[in-house]
Amino acid sequence: MAEELRKIMFTVRKPPHGTIYVYEGLEVKLIMAAYDADISVVFMDDGVYALQQGQKTGDLGVKGFEATYGVLVDYEISKVFVDRKSMEDRGMTVDDLVVIGEDEDTEEDIKPSVVDAEEISQMMSEQHNILCF
Amino acid sequence: MAEELRKIMFTVRKPPHGTIYVYEGLEVKLIMAAYDADISVVFMDDGVYALQQGQKTGDLGVKGFEATYGVLVDYEISKVFVDRKSMEDRGMTVDDLVVIGEDEDTEEDIKPSVVDAEEISQMMSEQHNILCF
Amino acid sequence: MLHTVNKSPFQNTSLESCLRFVREGDVILLIEDGVVAATVGTSKADMVTEAMKKVDVYALDADVKARGLTRLLDGIKVTDYAGFVDLVDQHKVQSWL
Amino acid sequence: MLHTVNKSPFQNTSLESCLRFVREGDVILLIEDGVVAATVGTSKADMVTEAMKKVDVYALDADVKARGLTRLLDGIKVTDYAGFVDLVDQHKVQSWL
Amino acid sequence: MKLAVLIYEGPYNHEASDSAYNFIQAARKKGHEIEGIFFYHDGVYNVTKLMEPPQDDRHIAKRWSELGGEGIDIVVCIAAAKRRGIVDDVLVPNVRISGLGQLTMMAIKAEKLVVFGD
Amino acid sequence: MKLAVLIYEGPYNHEASDSAYNFIQAARKKGHEIEGIFFYHDGVYNVTKLMEPPQDDRHIAKRWSELGGEGIDIVVCIAAAKRRGIVDDVLVPNVRISGLGQLTMMAIKAEKLVVFGD
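Residue numbers (this note's numbering), protein chains in the order written: chain F, 1 to 133; chain B, 1001 to 1133; chain C, 2001 to 2097; chain U, 3001 to 3097; chain H, 4001 to 4118; chain W, 5001 to 5118.
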């Protein structure tokens, strides 16, 4: 089909672990990555905590899922963005963020891209549909 | 038994209708009223919306429960309090509040009592147990 | 864009977050517990009034009535489910759950 | 009194509400998503630091670790479920759900 | 327009299910096509035939089943359903359990997608 | 002390169920008595035997059932359960469906009551 790829955005605004929204949301992304769609993911508000490095859920007795973020790029989900102000409000910097994959050529770690609200608004307006978690 | 009555407080902080917490919480109060306990109910934060007069849930297609508040005093739940600041922040006044019963002697309407945070803190500290909805 | 907001601004910051991302010409629809943001005399009224300079703010009638709210801010547009459908028809949608 | 708070202060106002009702000698225990309030450099850090002048603020270790939080505010007491039980044993409890 | 609707919360507990239902009915009345309804997270509880609400209350599972009977595709996420105990045996008629691929197809094929949840 | 624990949210979906479980286990280890555990609102979904979480995940209903087997009174609110489709047939062993009177008795008899929910 010559039809253009559909743009689908995921907005992640809930914190991880307190509810299952973030985790089950991640499952949707991994499945959707196998289909022909132009996927982007935006972490904003408490959703930025999903990207915090070093999550250890053992004492809670629940499975963690931080490692899965490390393979997002392998799943060809490379358009991963973080809202700058959400990070700043929470005292987080890029150093806190998980690695989502490795650059094939340079072998350098890939991290989510920090962007401003205007850029996110612009991207939102270009989507076919938006799913929120 | 000569034992003193147990003091049980209900704090209602969620708004009605968006979730079932307030409604199912009301069911607990009505049941508990039939037992030997010294019950009080405090509406604070968005819980004050539960006491707003004139709720019409017909267009939502769900049962309302505002009328049940009108019989609280009949159920011998007469210690009903509202946090003053929560009401003020929401632009509500005593006029907005539902009637919870009628004075047996004077036949005057009884409304929840508007109280300050300090008074609520004091009451909380005197409880045997507190249930929140 | 149509932004739906379903939480009370007194309890939850989703309306505030939404307002950081709305743009001229966007529309906000308050539904469920979100409709309390449409009332007068509240601590959040200025925020909503300010937002209405930039975007249209709708409140879902069925939810407004269910909560017994009668005094709405000047400029709030009240709509029903049919109007909700029209708004979805006219805009891309982001649900600020 | 022991006040348990289980929501992020960036998303929900339950910690703020709780702070209106705490009294000298009370204790706040941050659990679940509530533990993010214990971290440094945030827009809510001043509020929590101020609160610690009046009351002890605990954060539940298992929830802190689950979220990968390492930089906690000075004065935050970290405790485990056993400590949670002790706090319940020592105080009357209000859960700020 | 072709509409897809996602429902994230359980019946009675959260208004999401009622909002979605009222929205869908209004859309159908206007002649819009429903590409599909997808239940995710606690939304999967919406379609258990074991629910028995008070007689004067709405029967949420029956409502969805009736929509399904009128030809609307109603899908329950299998992964979300399994961990929550929603299995084929307890489903009301006219709804089906399937994978997240179905949600993907709805998101791609529907012109508009609306999410109801907490 | 004598403890009562209320759980308002469903399994997996919300951390409340895990928090409550971890808290109860810590209390028992310290020798405290559990007066009862009461499931209300969506909490009633915690004890359906139909749930089938992934094999490497905790089985929440089984955990509660085991606690019940060790003599702890685990009560599911009948009104909340009925509208949500939790009936005797789907309960794990060692838990029982009963009325809000049970919650009342727990609130009165337990020295401390802790609520876990959303």
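Just so you know, the hints here were simulated from the structure itself, not pulled from any lab data. A portion of the hints provided could be inaccurate.
What the hints assert, rightly or not - For lysine to any residue, the following SDA-like pairs were computed, each having C-alpha atoms within a straight-line distance of at most 25 Å:
no.: 1; chain 1: H; residue 1: K4002; chain 2: C; residue 2: T2079
no.: 2; chain 1: C; residue 1: K2065; chain 2: B; residue 2: G1054
no.: 3; chain 1: C; residue 1: K2092; chain 2: H; residue 2: V4090
no.: 4; chain 1: W; residue 1: K5109; chain 2: B; residue 2: G1054
no.: 5; chain 1: W; residue 1: K5029; chain 2: F; residue 2: Y35
no.: 6; chain 1: F; residue 1: K63; chain 2: U; residue 2: V3027
no.: 7; chain 1: H; residue 1: K4082; chain 2: F; residue 2: Y35
no.: 8; chain 1: W; residue 1: K5062; chain 2: H; residue 2: V4090
no.: 9; chain 1: W; residue 1: K5062; chain 2: F; residue 2: D59
How the hints compare with the structure:
no.: 1; hint: H:K4002 <-> C:T2079; verdict: 22 Å, holds
no.: 2; hint: C:K2065 <-> B:G1054; verdict: 8 Å, holds
no.: 3; hint: C:K2092 <-> H:V4090; verdict: 36 Å, violated
no.: 4; hint: W:K5109 <-> B:G1054; verdict: 38 Å, violated
no.: 5; hint: W:K5029 <-> F:Y35; verdict: 50 Å, violated
no.: 6; hint: F:K63 <-> U:V3027; verdict: 30 Å, violated
no.: 7; hint: H:K4082 <-> F:Y35; verdict: 24 Å, holds
no.: 8; hint: W:K5062 <-> H:V4090; verdict: 20 Å, holds
no.: 9; hint: W:K5062 <-> F:D59; verdict: 19 Å, holds
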